[in-house]
Structures are given as structure tokens and as C-alpha cells.
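Enquirer: Starting from the structure of chain A, add chain B where the hints point.
Protein sequences, first through last, are from chains A and B.
Numbering-wise, this note's numbering puts 228 at position 228 of the first sequence, and it's gapless, one number per residue.
Numbering-wise, this note's numbering puts 100 at position 100 of the second sequence, and it's gapless, one number per residue.
Source of the hints: derived by calculation from the structure; they are not laboratory data.
From a predicted model like this one, the values you see are computed outputs, not experimental measurements.
Please note: incorrect hints may appear among the correct ones.
[Stated by the list, open to error] Label-pair distances were calculated between CB atoms; the ranges are: (1) Gln60(A) - Thr265(B): 38 to 46 Å; (2) Gln60(A) - Ala210(B): 23 to 31 Å; (3) Arg87(A) - Asn118(B): 55 to 63 Å; (4) Gln97(B) - Pro171(A): 45 to 53 Å; (5) Leu9(A) - Leu30(B): 31 to 39 Å; (6) Asn50(A) - Arg80(B): 54 to 62 Å; (7) Gly77(A) - Asp83(B): 50 to 58 Å; (8) Asp83(B) - Gln28(A): 34 to 42 Å; (9) Leu30(B) - Gly161(A): 41 to 49 Å.
C-beta atoms are modelled at their ideal positions from N, C-alpha and C, and glycine is treated no differently.
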Amino acid sequence: MLIYVLRRLLLAIPTLVLISMLIFVVMQLQPGGFLSNYLDDPRFSEETVNNIKRQFGLDQPLYIQYWNWLTNIVFKGDFGFSFQSGRPVSSIIWERVGWTLVLATLTLVITWLIAIPLGIATALRRRGVLATGSNFLGYMGLATPDFLIALLLIYLVLSTGGTNVGGLFSPQYIDAPWSWDRFVNFLSHLWIPIVAMSAEGLAGLMRQMRANLLDVLGMDYVRTARAKGLAERVVTYRHAVRNAINPMISLAGLSLPQLISSDIVVAKLLSLPTMGPLLLDSLFAKDQQVAMAILMLSAVLLVVGNLLADIALSLADPRIRYD
Amino acid sequence: MLRDRNSPLHLAWRRFLRHRPGVWSALVLLLLYLMALFAGFVAPYSVATQHVGSGNQPPQRVQFFHEGQLRRPFVYALQRQRDPVTFLQTYTEDKTQPVPIRFFVQGDTYNFYGLRTNLHLFGVENGTIFLMGSDKLGRDIFSRTVIGSQISLTVGIVGVAISFVIGILMGGISGYYGGRIDLVIQRIIEVLLSIPRLPILLALATIIPANWPSTYVYMGIVAVLAFIGWASLARVVRGQVIALRDIEYVTAAKALGQKDLTIITRHITPNISSYLIIAATLALPGYILGESTLSFLGLGVKEPMASWGLLLADAQDLSALSQYPWLLWPGAFIVLSVLCYNFVGDALRDAADVRSVD
Numbered sequence: 001m002l003i004y005v006l007r008r009l010l011l012a013i014p015t016l017v018l019i020s021m022l023i024f025v026v027m028q029l030q031p032g033g034f035l036s037n038y039l040d041d042p043r044f045s046e047e048t049v050n051n052i053k054r055q056f057g058l059d060q061p062l063y064i065q066y067w068n069w070l071t072n073i074v075f076k077g078d079f080g081f082s083f084q085s086g087r088p089v090s091s092i093i094w095e096r097v098g099w100t101l102v103l104a105t106l107t108l109v110i111t112w113l114i115a116i117p118l119g120i121a122t123a124l125r126r127r128g129v130l131a132t133g134s135n136f137l138g139y140m141g142l143a144t145p146d147f148l149i150a151l152l153l154i155y156l157v158l159s160t161g162g163t164n165v166g167g168l169f170s171p172q173y174i175d176a177p178w179s180w181d182r183f184v185n186f187l188s189h190l191w192i193p194i195v196a197m198s199a200e201g202l203a204g205l206m207r208q209m210r211a212n213l214l215d216v217l218g219m220d221y222v223r224t225a226r227a228k229g230l231a232e233r234v235v236t237y238r239h240a241v242r243n244a245i246n247p248m249i250s251l252a253g254l255s256l257p258q259l260i261s262s263d264i265v266v267a268k269l270l271s272l273p274t275m276g277p278l279l280l281d282s283l284f285a286k287d288q289q290v291a292m293a294i295l296m297l298s299a300v301l302l303v304v305g306n307l308l309a310d311i312a313l314s315l316a317d318p319r320i321r322y323d
Numbered sequence: 001m002l003r004d005r006n007s008p009l010h011l012a013w014r015r016f017l018r019h020r021p022g023v024w025s026a027l028v029l030l031l032l033y034l035m036a037l038f039a040g041f042v043a044p045y046s047v048a049t050q051h052v053g054s055g056n057q058p059p060q061r062v063q064f065f066h067e068g069q070l071r072r073p074f075v076y077a078l079q080r081q082r083d084p085v086t087f088l089q090t091y092t093e094d095k096t097q098p099v100p101i102r103f104f105v106q107g108d109t110y111n112f113y114g115l116r117t118n119l120h121l122f123g124v125e126n127g128t129i130f131l132m133g134s135d136k137l138g139r140d141i142f143s144r145t146v147i148g149s150q151i152s153l154t155v156g157i158v159g160v161a162i163s164f165v166i167g168i169l170m171g172g173i174s175g176y177y178g179g180r181i182d183l184v185i186q187r188i189i190e191v192l193l194s195i196p197r198l199p200i201l202l203a204l205a206t207i208i209p210a211n212w213p214s215t216y217v218y219m220g221i222v223a224v225l226a227f228i229g230w231a232s233l234a235r236v237v238r239g240q241v242i243a244l245r246d247i248e249y250v251t252a253a254k255a256l257g258q259k260d261l262t263i264i265t266r267h268i269t270p271n272i273s274s275y276l277i278i279a280a281t282l283a284l285p286g287y288i289l290g291e292s293t294l295s296f297l298g299l300g301v302k303e304p305m306a307s308w309g310l311l312l313a314d315a316q317d318l319s320a321l322s323q324y325p326w327l328l329w330p331g332a333f334i335v336l337s338v339l340c341y342n343f344v345g346d347a348l349r350d351a352a353d354v355r356s357v358d
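This is chain A alone, in the form it adopts within the complex (with noise of 0.2 Å):
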């Protein structure tokens, strides 16, 4: 099991340094720069803009510059400078990393609490009103674009009278230490982003969980399981449901890239301290470093997602080796 996870982590090496160089480059294609907009300003000369320049490196090739991006951040840590706040990228980003990694792991969790049951009961019961609804739900989730969920959620919030929109905190909370009226402060700023990221990734999961639990129904040793006079209920909940979820561990890894989009979109709308806002601001800006660090730092996270799903998957069932 270590041999597998050490070999998978090196082969996410090539895909990584692959992956930084499409960034680079991407970034690099950006007309204009933070710096150049000095240029505009009469406090700032050339000359000046030109000794900013060197001191940070970004007067070298570009096959330096990169080599210098990359080297720092792997045995630095140091992500470069934010030329927008003014301070090294590392101090601002780790918290809005954090606050990610909240809210995608609580997204995720809630929609496998409400997703799995919901599959699991439409395939159960393949007609009537609970069918029929989530049918339409599922649809309609994957119909409807996940700012547009946000904007409908705010709109019903304000027009009832709520207040607790955007931000995590309401404001006399917002330095309070940790206390049980903060915590359910917290929830009640929480659940609209969180209804809203997981929308799209709870309809396909719960078709894909429907679908898995109708192929298992129809297997072998279901019958057999049923033929030696097992309950029915342990039939669908011991035999089939435990091997029809094993391909949903997968998917949870898979469902990263779409809740790390999410976040943008609806991070944006309601002003949280996420990685989302912080990239939209750099890219509008041309704070280069900070947006290159946000989009390596994403590829990193789904790669590492990746592989703790498929360490679990390996942990829920046992017939999956690697070595």
C-alpha cells in the first residue's frame, strides 16, 4: 500500500511540472503586467519600474524565471510576490486555502449524506412522488448553473427578510472567539454556498448511485442471496448497496475539479474568503504570481484528491490490491 502511494505520487511528478508549464505560459500570454501599469503613473519612472523588475527576477529569460517560480515553491515554499497587496504570496494565500478546503469538504460530505440515501430509495422504488421528484431535482441541477442556484437562494433570503448573506460571519462575530451563537452563525451564512456548490455534483451522484444499485440488484448472488431466504432488507442493504457504492468512492474524487469551480463563482457572489475570489481579483488585476500559485495550488489539490479516493476505495473494498 505505501509502495502504491509513493509510486503514484511519483508519477504525479511529470503531470505536475507538465501542468506549471501550461500555467506559466498562460500566464506569461497575458498582455500587459502589474508592473506596467507603474508606467502610467508619473511617481514611478522607468527606471524605477525597471530596478522593481530586476529585483524580483522578471527582467531574466523566461526559462529562468520559470525555473526560479518552480524552484522556489518546491524547496522554498515561496510563492512568489503579490505586487497588488504588496506582500509575499504565501502570507496571503494559506487561509483562503484552508477556507477552501472547509467548504468543499463540508459541500462534499452533505452532498453524499443526501445523494447516497436518495439513490439508493429512487432505485428502490423506481416510480411514485419521491422518484418522480428526485428525478426532476437531479435534472434540474445539472440544468441550472450554480451562480444562478446562489442568485435564486439570495433573492428568497432577502425578499423573506433574512439578513445573512455573503461573508462567513455577521459582523459583531467576525473577531468573536469560537463560541456556540458564532458556530450557528457560521451555518446560517454557510448553507446557501453550500446548496449551491453541490447542487450540480448531488444530481450526478445520485443517478450514478440509482444506476450502480439497479445493475447490482440484477446480479447473481442477489438471487442466490434471496434464495437462501435472507430478509429482504439484508439482501438490499448488506449484499447490494455495499457493492454498488464502491464506484462512488471514485467519483468523489472526480467531483473536486467541479466543487474547486464552484467555489469561484459562488465564493464570488458572496464575498467569502475562499481561493475563488482571491484568483478572480489576481486575474483582473495582473497579480500574476497569485494567480499562478491559486491555479497550481488547484491542480495539486485534485491530484491529491485523486489519490485519497482511490486509498479509500482500496480501504471499503477489499478485493482492490495494488501491490
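Expert: Frame of chain A, contents of chain B only:
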């Protein structure tokens, strides 16, 4: 074309027709595309017409009864007031003043594929007709949505077409030759698929210079979407090509001295066309959603063009959203078109599945 009643195509057509939601969705899509084709004619106003003094006006409902009497379709004129306490603008219907809706009226001039005309499907002679309300500059949201459909609905088709050309070529070459070429192309695909989609789309969209003319920006957005989109398609094509490359007709074509590229594009591709059509239909909603997200975030098409995502960007201002919820109308069109594409895609997949019971 469908004369032989038991030809595979005919059987597939019958299976498609049995999928009710799919058939209805196909009809709705046809209507939507007709609307986009005749957008200037269907919309009562042009995309930029500003009605001074009619900003943020709520939708006007089409009425048929005036004082209990059946009339030709009309709307009530709206009167603007200011709330004396909050200073908010409010509109009230003036029930004494029915404004009849006229058909085939003269209005704003627009360019209909090279023909300058001012004929509109419907409109009113005095006052305004805002079926979905107006935005803060007094522009008709219905007209803007109809004209925006030209961008929102075509981005998918053009984008899928481009990513198909790249996807078929790359996937075909990768599967056909195998070996080192396959390895390199697979790595590229893997890289493209393992970057979260939206962040890299946003980064690519910032490359498009802000001072480009609008048609270039449109093509730029499509190119950006296709640049990411071809990868998953190339995977499908590669799998199919590997399955087909040792089949007799390919060997025969090789023996006849056909060029490799000809074999991939003229012999193998037509044989996997059913997979490709389904993959295209299922990929299209992703482009519609992708364009709307980019435009919503301000990195897609820009004013004075209109697209559904760009129109929704007006609702980003949360206080505007809570007071003028009709700003969300363009969203209904996004949902409708994506929903229809999903249903049609499902129906096509079922129709192509020969194992399904007839």
C-alpha cells in the same frame, strides 16, 4: 432517406421518437434556435435601445380583458412614482390606459443578415412593452435576452465543432499510431483534464485583449472553451480507433495505399459517427454553461454584445437583485436550453443503443 423501414437509421429514429421528453426537447430547441435566427425580428427593441425614465421597470403582463371585456392583447401602461418615505422608485399599473399590442410594426432599425429593416414581430405604438421588465438603463430585458441567444446558443455549436476537429485528429492519431505518439498525446490530455476547468478557462480568457472588436472576442471565447473541451473527446475517439484499427476494411484501405490521415478521417470516423453525435450533444451544455459563467464573471463577451450570462451579471449587485428580481429572467433560458440538450442527448444515446428492446 428513410425508405427502408428496417434500416438501422430508421430503427434508431423510431427509438428516438419513443423517448417523449427527448422529442419535446428537440422541438423546444428548434424554437429557441429559430428565435436566435430571427432575433432582431422577434425582439421588439434593439439590444441597446434605452428608454429614459423607464429604468428598472417590472415586467408588463399581457392582458386580454379590459373592464371585463375581451380585447385584443394589450398591456397596461406603467406610471412611475417615488415613495415619499424611502425614495424608492415604484411603478403602478394605470388600469385606465390599455396599450394595444400591434403585430408587424415598425420600430428600431436592425441589420438582418445584410438587410437593413425596421420590421418587428410585435410592439406598441406609444409607451413601452417590457415583457420581462427593464434593466437600470431602461433597456428591455426580453429584447436583450432574445438577441443574447444568438451568442449563448451558438457558442456551444461552434465550440463543439472546433473541439471535434482537434479531438478527432488528436484522438485518431493517438489511437491509430500507438507507441510514443500515443504516450505524448495521452500525457497532454491528462494534463488538460487534471487542471480544474474553470480556473484555467478564466486564466485563458484574460489573454483576450480588452480592445478587440466583438466578433474577435466571441471567437476568442469559443477558442478558449474548445481548447479545454477537446481533451475528453479525444479520449473517446482514441478508444474507438484502437478497437477499429485492425479491422478488415482498415487493412484493405491500407493495402490500397491510402494515407493514414485519410484512413482516420474517411474510413474510421464515419464508423464511429453515432458515438460522436452523442458525445457532441452531451458536451454542448457544458459550452453553454461555460460561456455563461465566463460572461457572468466579466471575462466573457462584453457590452455592447449581449449573452445570457452577461445579462445575469446585472444581478450580481445583491440590493438590485432583491428589488428587481426580473433581472434573473435570462437564467430561465440557460436552464431551459441546457435541460433540453440533456434530454435530447439521453434520447439519442438510447436510440443508438441497438441492444435496447424494440
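Enquirer: Run every hint past the structure and note whether it holds.
Expert: Here's how the hints hold up against the structure:
no. : hint                             : result
1   : Gln60(A) - Thr265(B): 38 to 46 Å : 44 Å, holds
2   : Gln60(A) - Ala210(B): 23 to 31 Å : 28 Å, holds
3   : Arg87(A) - Asn118(B): 55 to 63 Å : 57 Å, holds
4   : Gln97(B) - Pro171(A): 45 to 53 Å : 47 Å, holds
5   : Leu9(A) - Leu30(B): 31 to 39 Å   : 51 Å, violated
6   : Asn50(A) - Arg80(B): 54 to 62 Å  : 57 Å, holds
7   : Gly77(A) - Asp83(B): 50 to 58 Å  : 57 Å, holds
8   : Asp83(B) - Gln28(A): 34 to 42 Å  : 54 Å, violated
9   : Leu30(B) - Gly161(A): 41 to 49 Å : 43 Å, holds
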